[in-house]
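Visitor: In case you want the letters, here they are:
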Amino acid sequence: MEEIKEILKRYPDRRGALLPTLYIMQREYGWLSQEALQAAADALNLPPATVKGVATFYAMYRHKPMGRHLIQLCTNVACMIMGAERLVDLLKERYGLEPGGTTEDGRFSLVIMECIGACDRAPAMLVDTDFHADLNEQNLFEILEQYK
Amino acid sequence: MEIFLLKNIDNPESHRIQVYQQTGGYEQLKKALSMKPEDIIQEVKNSGLRGRGGAGFPTGMKWDFASRDPKLPKYLVCNADEGEPGTFKDRPILEKNPHLLIEGMVISAYALKAERGYIYLRGEYPHAKVVLEEAIREAYESGFLGQDILGSGFSFDLSVHQGAGAYICGEETALIDSLEGRRGQPRIKPPFPVNVGAWGMPTVVNNVETLSNLPLIIKIGAEEYKKIGNPECPGPKLYCVSGMVERPGVYELPMGTTLKEIIYEHCGGIKGGGQLKAVIPGGISTPVLTPDKIDVQMDFVSLPKVGSMLGSGAVMVFDESVCLVRVCWRAIRFFEHESCGKCTPCREGVGWMRTVLERIESGFGRKGDIELLQDIASNITGKTFCPLGDGAAGVVLNFIRNFPEEFDYHIQNKKCMVEA
Amino acid sequence: MIELTIDGKRIEAEKGMTILEVAKANNIYIPHLCWDRRLKPYGGCRLCLVEVEGQRKLMAACSTPADNGMVIHTDTPNLQKARRTVLELLLVHHPLDCPVCDKAGECRLQDLAYKYGPSESRFYAERKHDPEATSALIERNPNRCILCGRCVRVCWEHQGVGAINFIGRGFKTKISPAFEETLDCEFCGQCVDACPVGALGAKPYKYRARAWFLESHDSICPYCSVGCTLTLDLREGRILRVRGVDGKGVNDGDLCGKGRFGFDFIYGDTRLKTPLVRKAGELVESTWEETLYYVANRLRDIKRQYGADSIGAIGSARAGIEDNYMLKKFMKEVIGSDNIDTSARLGYAWVLRALNDTYGINQNPIKLDSPIGKEVVLVLESDLTSTHPIFGLKFLEAKNEGTYLMVADPRKTKLARRSSKWIRIKPASGTVFLLGLINYAIREGAHLREEKEIEGIDGLIESVKPYTPEKVSELIGVDTEQFIEAASRFVNAETRLIALTVGAAENQKGYETVLAAANLLMLLGEGPDSLQVPSDYSNTLGAWLSGTRPTEGGKDLYEMLYNPGSLKALYVMGEDPLVTMPDGNTVKKTLEELEFLVVQDIRLSETAKLADVVLPAAAWSEKEGTFINSQGIPQPFPKVVSPQGDSVPDWQILRNLARVMEHDLGITELGKLREELSRIQTDRGQQRWRFSPVEVPSVAQTTTDYPIIMVTGNIMQHSGALSVMSKSLSHVLSDAFVQISPEDAERFGVKDGEFIKISSPLGEVFIKARVSDEIPEGMLFVPVHFAHARVNYLVSHSRLGNAHPTPVKIESTSTATPRR
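Residue numbers (our numbering), protein chains in the order written: chain A, 837 to 984; chain B, 981 to 1400; chain C, -16 to 803.
Just so you know, not all the hints are guaranteed correct.
To be verified - Chain A regions said to be covered by chain B (calculated; three or more residues, Cβ under 8 Å):
1. 845 to 857
2. 893 to 907
3. 961 to 970
Said to hold, decoys possible - Which stretches of chain B does chain A cover? Using the computed rule of at least three CB atoms under 8 Å from a CB of chain A, they are:
4. 1185 to 1196
5. 1262 to 1272
If you're looking for bench data, these hints aren't it; they were derived computationally from the structure.
Keep in mind that this is a model prediction, so the values were computed, not measured.
Note that the Cβ used here is the ideal one computed from N, Cα and C, for glycine as well.
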């Protein structure tokens, strides 16, 4: 709440703080559960439907529980022509990980991204907030093995 | 040409305020604060600076509109939501030269008499958020932000507003909606943001690269600035090149450098000595060019002459190994994903184009599908609420127009020309 | 003015209008689905695209301002093709279930598809098959939704609710409540009228009739005093639904849930169908003839034995002016008594009295648009969007257009939530708040600003001396700083307005509150237009104006109902004092001590159960009549259905009774009655300003025995005791409840949903508790609508018309002993 109070100072009205508040709730609750959205609605005096409508508009808010580590892999044109789709297949083969899904052990979730601005070093991904580029069939798993 | 926007970025400490100041950083702010705000606006007008986000609108004119509106407070918003696929030109500034942007923003805010600023940063750049917030903290500590900046009496507060994954928020009115905590959908224009923007107040939204040009204009003056690159739209330009070239990356070059020079000299030519097949000059929404068109100056006035646009300066290079039907399909899948859903032709039409492209690409194309695609696309063009739908329709129309044989081959042979 | 050309026609228009508005004003058809006059242009459906010469792109008529010299084409081959494509795309996923869709025949999509074709789509896809979602009154069929967003926007922009929203993005967008839960909102049903297709529908209307078989009549709403025009849709002599129609009535198409869904009270199970006469202690069915002779004889006997002054009558705030006038005429000419009054005595009469004591006027009709354009509007302890919903909407509209909406209320009402500033004052401290504003205004020298001096200024200055900002903020329970900020904004505004309600059902405001408000406004140089106090119900004002009150020194409601023994016989028409009036014990005692009680009503009310004779009256829509709304506008409503059973219009019952009593009232038919009514002159009074200080404002006092203040009032879905007869409204809420704050729930060990005992010095009741942060610590809020709750038995009344908030104590039933 203190954090939200600080954020509120940056905006001329409470609603302005909605996007940052949703990030905070996502961090605190792991994903934007009903409870998390209700908490955001209460904090900003907004109807829950308003909050949910905003939360579901943006691709980076999570609407179901996520694994411990979130792989956000880009498959947009630049990454695609550099073989990103093969990496998606490999994640499925190796971890049984489908786009939008989570591994059975809850270690990884995979979300397909639309351009993360790393086209010169494609294919690229974010694991949690860490950036990894120049991926290939070998280094993909070397990198992921660092995330337990 | 002296490197300005990307100065110091090879220094691992380039994002720190000390490094920035050691090489003359924030000196231009001091100079600007001794000028009259209206003189700065005039200088920007004289410089011929045009917005680097894609539309190429004259920055000085935008500022002029906003500064004439008597309403207060005014807002300055930096558009750091470069979501156009193929674009990563602002990223080095955001991650490695953040103080250049901050200095540019404070100068701009002073000129506009805006006391509140936001950097609308795309959610996909978490590292940039950390860097920018640290840089903002440093700038506050050094008195370049906050109350009474450098004793000038001018105050300016700045913070980062993190987006959350919506391409449409790169459009300035959608960006403002998103800043206000709404679903980021474009607004009806007029009124324009310069009069009725964030929270109903005059708001200037400028791209990262645009704002980063300000210290340079203050430093060398409009006359010298105009000598850089094409005099019709001068200044340094960041070109970001990806795809099948030897050395992809971000290049700071004079505006108007030819596409050929960029690909073959700066980027070392086609990867592995391959054959160039197609190139998108300014991000996925800009019309694709065939190899015969690449001897064109990369600027706002020259590219339209060959049927394309500078856009964000995101050059995507495709060689003979790339299936363009698949590229087209993937691009449209992107637009479908990013369509906000507000207007019918875009929401429903782009989905249909993707469906038809998908069946062509996967070998189930039917006779007449190309005509069907052209018909849907032409019924989207010019009929949607915002340019997103136009962009999607343009991709389909241009790929079909320039590479009809690849589409025909897919439909007739139920497979890809490249694989064959 | 600007001049432009549309389809070759030269047209003049106001600057600022959109192309679509100009076209509409000139009867030029441009198709549209997402546009709604009440809402900001959206530009989503893209059907209203037009060609503007000189513009490269097609322009959306709904969101493009018309400009001087524009040359516009609305129907070219190019546009037809664009519209055809839009419709083709919309129809890909829209189920073609028109045969079972209630919207068929009045569906905008159906009409447009018919007009533009095509009959088939070039795209093939599985149609959506999301489950239908039902709720108390609104059916959602998401498959039929075309995402025009009118429902979402009307709910949030216009109603200020936000119960539904677009969920998701792009092609996957859906419209739903936040968590796909069952819709649980105000049930105003505005979204139903706004929906151009069959995605939203009124549940009571589902599968009831094809649109083309409906017969429509316009009528006036029987609930609150706004007097909205309802469009009644009937089939085979039965009202099946009610709609608001754009451009019609004072409401201009807007309706609240009561107006839209509450019409079915006329089909309520408790409707009376025959006269009832008490025989051997039981009410038994009787014939009209027998009953009227019986009533005539008893009234004659009582008059002979005790005199005409021993007989009184109570008129109705819900019956037409014709009925009320006839009651007055009957009492005057047949009985010879001036003992007549209505429930207005407990509320609205005090408003008029206060206005007379200050501005010198006898009437002050409200203006629905009064909040629009004001710099500051103060809404004082009044839930306007519940009691007068369409008036309430104007406050939201004003706020949207830039008015500073200040709400002083302990309850978190909708206006409080949507206000610019919510000052959470203690319950029933509104008058003190106003006195504080007067004190502040005087400190600021407001009384010196006006040129002319108003009589009584010295007395006013003296009277508010104790109400310093420090003292007032302590009394009302807010920070001094917050109070001063609000006071400064109100006092220093260029234009301002105070709005509040004073009604029989409310116990936290009264005469003194209106007095204080009027004093404050006069001090700031504001006339009575700046004080907006609507009358309660559909005909509260009409009953007053038609003379349904003592006009020649007769007994008023206080003397008739709160003075047991003062009357021997009472004739009650369309009122249920036992439920709707305070101090139920005394009322009951009075009624029980009567020798003869006649109740004439549409249903067997609680009061009727005590009566000697019960006469069945025809209801609204079963008879013609006229209501006078809060704006003072007389609005006739038609007879559209047959009366239930043997029920007869009120005025006819009285005419017949008079005949039986061998009195010719000279009224044979309604026209005659209306002619007489039209001759009534009402003295509106002359403005003559004088300050009338509030002597001792009542501040709600709690004691150790009774530590909580109970406030009573109306809620959104109900209106007095009438709406509980509506099955539809009862689907939303049919059970009495009391709201208690989480803090008090904790303190008194009350669990949500359990029955609690509430006691005041006057009695005790058991009601289900609802724990809610809508009310603050130290307060209970109880709706008055539910007879079985007997809330009015706890509340005292005040012959001074002052607020009479009720201190109570509460006990959880786990500790209290239930009543045997």
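Visitor: Each hint needs a verdict: does it hold in this structure or not?
Guide: How the hints compare with the structure:
1. 845 to 857: holds (count 10)
2. 893 to 907: Since three or more residues must qualify, the claim that chain B covers the segment 893 to 907 of chain A holds, with 5 doing so at under 8 Å.
3. 961 to 970: holds (count 3)
4. 1185 to 1196: Violated - the segment 1185 to 1196 of chain B has 0 residues with a Cβ nearer than 8 Å to chain A, which falls short of three.
5. 1262 to 1272: violated (count 1)
Hints 4 and 5 from the list above are not met by this structure, while the remaining hints are.
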